[in-house]
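Enquirer: Each chain, letter by letter, is given below.
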Amino acid sequence: MERADVPGLVAVVLVTLATLAIGTWGLRFSRTTSDFFVASRTVRPGLNASAIGGEYLSAASFLGIAGLLLVGGADMLWYPVGWTAGYLVLLVLVAAPLRRSGAYTLPDFAEARLGSGTVRAACSLLVVGIGWLYMIPQFEGAGITLRSAIGAPEWAGSLVVAGVVLANVTSGGMRSVTFVQAFQYWLKLTALLVPAAVLVAVWWGDGRPGGPGGGDGWSNPVAGDGGIGLYTTYSLIAGLFLGTMGLPHVVVRFYTNPDGHAARRTTFVVLALLGLFYLWPPVYAALGRVYGDRLVTEGRSDVLVLELPRAMLDGVGGDVLTGLVTAGAFAAFLSTSSGLAIAVSGVLTQDVTSRLVNEQRGVPAFRLAAMVAVVVPVVAALLVRNVGVAQSVGLAFAVAASTFCPLLVLGIWWRRLTDVGALAGLAAGGIGAGGAAIATLAGYAPGGWAGALLAQPAAWSVPVAVLVMATVSLATADREPPHARRFLVRLHTPESLGR
Amino acid sequence: MRHHEHVRGGRLWRRDHLGSDADRAAFRALHQASLAAPALREGLTTASAERAIRHLRALLGTPALAITDTEAVLAWDGTGEHHLGQAAAVALLAIEKGGTRTVDRGQLGCSVGGCPVRTGVVSPLVVEGRVLGTVQAFAPTPTAGLVRATEEVAKWVSGQLELAELDAHRNRMIEAEVRALRAQISPHFVYNSLNAIASFVRTDPDRARELLLEFADFTRYSFRRHGEYTTLAEELRSIERYLLLEQARFGDRLQVTLNIAPEVLPVVVPFLCIQPLVENAVRHGLESADQTGHLRIVAHDRGHEAVLEVEDDGVGEDPEKVRRALAGDTELDSVGLGNVDARLRASFGDDYGLVVETAPGAGTKVIVRVPKFAPGVSA
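Going down the list, the sequences are from chains R and X.
Under numbering that gives the first Met the number 0, the first residue of the first sequence is numbered 0, with each subsequent residue one higher.
Under numbering that gives the first Met the number 0, the first residue of the second sequence is numbered 0, with each subsequent residue one higher.
In isolation and in its complexed conformation, chain R is listed as follows (with noise of 0.2 Å):
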């Protein structure tokens, strides 16, 4: 081991320590009678947003995006606006609605709604697949880490982080999840603001050098090649926008929020969340284009906020912000693994596993189920390695904005979807959307309009899907659930009207 691989160690040790820590910790302090009004008291709306903030910020959005704008430039800016106007639809057309179904996963609220244990098993197919498709970056994300952090291959690297997640959730510890979580969050946030602070104070000390300039296209928000680059462009941003309600791990966070307006406030909060956290990864792609060049002619700029640091700060400064970032992107991909894990293992022990396990119910079927939601992913991260974090983070919410979001959007809006009609749409937005992504990872990019459609599906696959659920719907109107009415009655009353 070299010293150069000190900070790294220390600081995924440490991370690892904390979260397990307050994982069994967190709550284990009894209270007497006098203060018991706290205990009843439910997950405040700040909280609850930091903790969903905490989940939510993976390694694309730590890593990926730096990478993404120092390559590709500002049309890439895309991404985080994206990732954060998802919440802005969330919170007008799905959040309070949703919370006020009672569902606790995407599948409850499409049996809730509809009354079909078929629609409810395609959920919880989709589920299980927008799970994985989303856990394949966070695992590839760790292997890049750990080799830049302390030189491991990159199999260990997401060996490692899948074992920790592993042990995590099936040792039924993460008991305060939503401390963890919210811990995670400003970990991360400060993982990322610290270093930038000091890093664009040398920058300003160096005598504010400037980069290649923007006429390589590189401040165009627009990506190229006309048209298809338009399209690109369109489809990203219907994907990122639409995807975010659609996300397993997310929406279960929801149901902690005590009613609708909660729900809202919560919403609200993370949108703040998400809007300070991703002001920070531009000023390293910045930054990336006057001190880290090398990066890109070497194809490694999913590494630049790691490795930013030590690339403008030597000694002492750079091993203390580079173990500092290193934190943050463990923490990334640990939180939102384990969240991810999480969701798709409870999905598979409700729907799978406990039915195959009829003599040990509860834990053991949680258990195995647990296991399977994280070997598999990590099995395709080995087996996958061209596709950048970011992307393939972008193909999950393309596919969760081509099936969960018309289910929840309709579901919430439109008395007349019925249960064939939702079959449907998520039929054809899932085999679309989740073709294309399926595609894209086996590496198969054809030039042109096909490799556009293939690699941003999220422009045809989203419409698609609506229309055909909208459709099929219509053309099947005599199988509209008798209780629809009064379920979207209940969707829309604000709990202060008469319970």
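Where hints are given, some of them may not hold.
Cβ-Cβ distance ranges computed for the label pairs, FRET-style [to be verified]:
no.: 1; chain 1: X; residue 1: Gly113; chain 2: R; residue 2: Leu473; range: 27 to 35 Å
no.: 2; chain 1: X; residue 1: Ala36; chain 2: R; residue 2: Gly45; range: 49 to 57 Å
no.: 3; chain 1: R; residue 1: Ala474; chain 2: X; residue 2: Arg23; range: 25 to 33 Å
no.: 4; chain 1: R; residue 1: Thr470; chain 2: X; residue 2: Arg147; range: 29 to 37 Å
no.: 5; chain 1: X; residue 1: Asn170; chain 2: R; residue 2: Ala444; range: 55 to 63 Å
Rough simulated footprint, nothing fancy, chain X against chain R, three-plus residues with beta-carbon under 8 Å [stated by the list, open to error]:
no.: 6; segment: 105 to 119
no.: 7; segment: 129 to 140
No wet-lab data here; the hints were simulated from the structure.
C-beta atoms are modelled at their ideal positions from N, C-alpha and C, and glycine is treated no differently.
We have chain R; now place chain X onto it with these hints.
Expert: Then chain X, alone, in the frame of chain R:
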């Protein structure tokens, strides 16, 4: 039936796998009946009749079918809707005279050419000796087969309506049990609480006032009239008030420890399903006189479930007695244990009954598992 066919042939898609013509007719009839059943299980209303009538007409194969209650038409399917007005009179025929009756051309008098509604068969829907309505089948010519079929369909519909009444009856029973549980707020508790409050009136008037307000809120929650379900947060708030009142009375003899994961507070539970468990624990914990009773209430978040534990270190109980209490034996003094168990099972299914760990002298621990979401359960 030709069972040997698909054993020997092994080609399952073969036509005669589905049986003879008669078999297939029977399957079709059973399938239509199964489609009509869910609607009828909701009772006899316009909505349920409208959803069921299509399948019933397919079952009978008549050009027109009507379902009425004792006074008016609930649903009409098929052609000849201009006869709608006559259905009430036809219904009266069956209701007054009883049994299945036929209606001839004279009584239906139709001037529309090609209208198949020339004659009809009307059969009453009878549940527990009471006529609820009628089924009326119309055809161009009367046949003995149609009379028989209509009568059988009316009998089958009556059977489904009887099941619907049973369902409603069962729900009323559960509601009555909740009401009974509310009435079970022990007179001793009211008396003792008021006495305890009275003892503070001179020495600590502020505390007395606070306790009185807690008492008022506690009774308001417990006597709440509407809603079968509540949130865990509400239930725990009421338990807090209860424990404050008990602590006013027992002072340091009652030690309470709480460990509640805030994530599970929005979980929906049957109304008053935890409070009886706490009352039991307080009683058992303090029964061993001149000792301090320790009470522990814990709520864990377990992904798609919440787990609640109510534990005391009191005298414990004979497991056999607890088993009988859970089975519904109300003679025992474990107030409401069987009631809570039954309501949890009725709401969430048999996987979610109470688990009681106890032995004489070893304290008692009651474990409640509740899913975060169950279809049809909302606060």
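Enquirer: Next, verify each hint and record whether it holds.
Expert: For each hint, the structure was consulted:
1. Gly113(X) x Leu473(R): 27 to 35 Å: 33 Å Cβ-Cβ, so the 27 to 35 Å window holds.
2. Ala36(X) x Gly45(R): 49 to 57 Å: Cβ of Ala36(X) to Cβ of Gly45(R): about 51 Å, so the range 49 to 57 Å holds.
3. Ala474(R) x Arg23(X): 25 to 33 Å: Roughly 28 Å apart at Cβ, these two residues keep to the hinted range, so it holds.
4. Thr470(R) x Arg147(X): 29 to 37 Å: The hint (29 to 37 Å, Cβ to Cβ) is violated, given that Thr470(R) and Arg147(X) are roughly 44 Å apart.
5. Asn170(X) x Ala444(R): 55 to 63 Å: Because 60 Å falls inside the window, the suggested range holds.
6. 105 to 119: holds (count 4)
7. 129 to 140: Violated, because only 0 residues of the segment 129 to 140 of chain R bring their Cβ atoms closer than 8 Å to Cβ atoms of chain X.
In terms of the numbered hints stated before, the structure departs from hints 4 and 7, listed from lowest to highest.
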